[in-house]
Structure formats: C-alpha cells, structure tokens
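Peer 1: For what it's worth, the numbering used here labels the leading residue of the sequence shown as 636, then goes sequentially.
FYI, nobody ran anything at the bench for these hints, they're computed from the structure.
Honestly, I wouldn't trust all of these hints.
[Stated by the list, open to error] Estimated spans, in silico, between C-beta atoms of each pair: (1) G724 to A666: 31 to 41 Å; (2) G699 to C641: 10 to 20 Å; (3) I656 to F684: 13 to 23 Å; (4) E646 to E687: 28 to 38 Å; (5) T696 to L722: 11 to 21 Å; (6) P670 to E646: 14 to 24 Å; (7) E685 to K720: 10 to 20 Å; (8) P639 to G699: 28 to 38 Å; (9) G668 to G724: 12 to 22 Å.
Predicted, not measured: the structure shown is a model, and the values here were computed from it.
Even for Gly, the Cβ is constructed at its ideal location relative to N, Cα and C.
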Amino acid sequence: MTLPVCVGEHEGSLIQFEKNIYTLQMPAAFAPGQPLRIRVRGHGETEEFEIEARAIGSKRTDDGQFEVRARAINLRRTHRETISKALAG
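Model the full assembly from the supplied sequences, consistent with the hints where possible.
Peer 2: And the structure:
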C-alpha cells in the first residue's frame, strides 16, 4: 500500500518508511541535503498532515519517475503510527 503525498507542487506516493527513512515515488529528483516538506494527503480515515525531512538522494526508475530517499527530521509519534499502519495495508 502507498500513501499519496505532495512535495511542493510535485505529487507522488510514500511507498516505504523504515528506521526514520522515507522512500517516495516522485516525478522530480531532489538533491542530497535538500529540505523537504512532505504533505501526507488524507487517505481513508487518515487526516492530512505535514512532515519535514532531508533528501538523501534520488534515483530514476524504469517508468521515468524518481525513487527519493529522505531522512525524517521531525516526526510525531501519532504520524509515525499513522504512516506505519497505512503502509502495512
């Protein structure tokens, strides 16, 4: 399962969250160290919220999108639980 996200004007998906590292599927790449404000879109019972992260790196995938890895900077426990629960399915 994935969560819809928005980084600036770019819409994508949060596909994995493990050990404070987010993996996003995005239409644009982000430079290492670049601060990201990730808006997690409401999904089902999930309310929209924003989290902060720093890009670790971006890698182009076969479908022309980018797999962006980012380290969490500030993450509330409730948001962590919401993300983990939603990604688990």
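Peer 1: So, for every hint listed, does it hold in this structure?
Peer 2: How the hints compare with the structure:
| no. | hint | in the structure |
| --- | --- | --- |
| 1 | G724 to A666: 31 to 41 Å | holds (32 Å) |
| 2 | G699 to C641: 10 to 20 Å | holds (19 Å) |
| 3 | I656 to F684: 13 to 23 Å | holds (18 Å) |
| 4 | E646 to E687: 28 to 38 Å | violated (18 Å) |
| 5 | T696 to L722: 11 to 21 Å | holds (18 Å) |
| 6 | P670 to E646: 14 to 24 Å | holds (19 Å) |
| 7 | E685 to K720: 10 to 20 Å | holds (18 Å) |
| 8 | P639 to G699: 28 to 38 Å | violated (19 Å) |
| 9 | G668 to G724: 12 to 22 Å | violated (32 Å) |
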